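One-letter residues, chain by chain:
Number of protein chains: 4
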Amino acid sequence: MDKFLRDHPSKPRTRDEKEKVINRLKRIEGQVRGIQKMVEDDRYCVDILVQISAIQSALKNVGFAVTERHINHCVSDAIKQGEGKETIEELMSVLKQFSK
Amino acid sequence: MDKFLRDHPSKPRTRDEKEKVINRLKRIEGQVRGIQKMVEDDRYCVDILVQISAIQSALKNVGFAVTERHINHCVSDAIKQGEGKETIEELMSVLKQFSK
Amino acid sequence: MDKFLRDHPSKPRTRDEKEKVINRLKRIEGQVRGIQKMVEDDRYCVDILVQISAIQSALKNVGFAVTERHINHCVSDAIKQGEGKETIEELMSVLKQFSK
Amino acid sequence: MDKFLRDHPSKPRTRDEKEKVINRLKRIEGQVRGIQKMVEDDRYCVDILVQISAIQSALKNVGFAVTERHINHCVSDAIKQGEGKETIEELMSVLKQFSK
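Chains as they are written, first to last, in this note's numbering: chain A, 1 to 100; chain B, 1 to 100; chain C, 1 to 100; chain D, 1 to 100.
Looking at chain A on its own, in the form it has when it is part of the complex (with noise of 0.2 Å):
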């Protein structure tokens, strides 16, 4: 994985953190395999679609929620030992990358 700064978050995700965070996956998840059975069932494309925005926009939550502890863990941490040029340029590329 060299092509990112780390390995894992400067502050290890807690037991809970993770669950939270898990919890919303599955969620997903469930809404993910619904729409299979949308779409076996035949059911109407627009129906479909706006599943499909439900769950665009769950994710899109889940990842400002890791993005926001991103900032408040790893790029805090890194700017406060005055490392912060790399870890910014890092989150600056995946910002760009999440909002296309």
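Keep in mind that the hints are not guaranteed to be accurate.
For chains that are exact copies, the list does not tell them apart, and a pair is met inside one copy or across any two.
Said to hold, decoys possible - Once the Cα atoms are required to be at most 30 Å apart in a straight line, the calculated DSS-like pairs of lysine-lysine come out as:
(1) Lys-60 x Lys-3
(2) Lys-96 x Lys-80
(3) Lys-18 x Lys-60
(4) Lys-26 x Lys-80
(5) Lys-37 x Lys-3
(6) Lys-85 x Lys-37
(7) Lys-3 x Lys-18
(8) Lys-37 x Lys-11
(9) Lys-11 x Lys-26
(10) Lys-85 x Lys-60
(11) Lys-100 x Lys-85
(12) Lys-96 x Lys-60
(13) Lys-96 x Lys-37
(14) Lys-18 x Lys-37
(15) Lys-96 x Lys-26
(16) Lys-3 x Lys-96
(17) Lys-85 x Lys-11
Calculated from the structure, these hints are not laboratory results. Predicted model, so just to flag it, every value in this text is computed and none were measured.
With chain A's structure known, arrange chains B, C and D on it following the hints.
Coordinates of chains B, C and D only, in the frame set by chain A:
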């Protein structure tokens, strides 16, 4: 489902069409599970964000495929029958939601 | 302009239609000039970003209005004449670009 | 401007920094005027939509440049002074708005 104009596409999806979409959704489901494992393993935030971006991109492509089929069949059929107005309004509404 | 299917909409825009779009674009032009002044006055970054978001939203709405008229006229006319295929492909291509 | 944490960036923009951003905004302003002319000339909808996409992309890039400078100065300075919390919340809020 009375907020949608229909329950099913104007032309039923073939077995082959269903399978193509479902296979793409199964891959996306696998990617969502992959992120759960990344969180469990306390992987680096940016690494996780890149994977979330990849899912968003894959999901958007499924949405565009569903939209294209919708226009090719439901919308086109409605227009040919002189009943395009409501169908086009419904399409615009979902496109706006989808692009948020 | 040989990469587009047409030079003009299948049904010409009325004076009134043109003015509505142009007025929205003039407001957007004014907003862009407003941001130039904010930069000149060295205003706070977040304040500037909020204004940029407002312009993006206004611009997106103009795009949706143009898209809706395009579907209501150019795309509908092509479909009625049995020539929807290329027009729908062109529409999907611009929708993908527009949603980036 | 009491909804923002500051009136100005923590480190003033140099003349050169201001000019770079203003020049990009002037080009965008010119592009917006160009679209007004396209509407006046009743140009093809897809042609107009492609130009709107180009402006959105240019505007997003200006937004990212402003965001990067904001993180490099205002956010970094707040973090170094142990006052990162509010600044990071404000940043997340504008990132969410910006990505809509």
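The hints, checked one at a time:
1. Lys-60 x Lys-3: Both. Shortest intra-copy (23 Å) and inter-copy (25 Å) distances satisfy the 30 Å Cα cut-off.
2. Lys-96 x Lys-80: Both ways: Lys-96 and Lys-80 sit 24 Å apart in one copy and 25 Å across, limit 30 Å.
3. Lys-18 x Lys-60: Result: close both inside a copy and across copies, 17 Å intra and 27 Å inter.
4. Lys-26 x Lys-80: neither (35 Å within a copy, 37 Å between copies)
5. Lys-37 x Lys-3: between (38 Å within a copy, 20 Å between copies)
6. Lys-85 x Lys-37: The answer is between: 29 Å across copies meets 30 Å, while 47 Å in one copy does not.
7. Lys-3 x Lys-18: Close inside one copy (24 Å), not across copies (33 Å); limit 30 Å.
8. Lys-37 x Lys-11: Between copies, since 18 Å is at most 30 Å while 40 Å is not.
9. Lys-11 x Lys-26: Within one copy, since 24 Å is at most 30 Å while 33 Å is not.
10. Lys-85 x Lys-60: both (26 Å within a copy, 22 Å between copies)
11. Lys-100 x Lys-85: both (23 Å within a copy, 27 Å between copies)
12. Lys-96 x Lys-60: both (13 Å within a copy, 9 Å between copies)
13. Lys-96 x Lys-37: Between. Shortest inter-copy distance 24 Å satisfies the 30 Å Cα cut-off; intra-copy 33 Å does not.
14. Lys-18 x Lys-37: This pair counts as both: shortest intra-copy Cα distance 29 Å, inter-copy 10 Å.
15. Lys-96 x Lys-26: Both: 26 Å inside a copy, 23 Å across copies.
16. Lys-3 x Lys-96: both (16 Å within a copy, 26 Å between copies)
17. Lys-85 x Lys-11: both (19 Å within a copy, 16 Å between copies)
The earlier numbered hint that this structure contradicts is number 4, and it is the only one.
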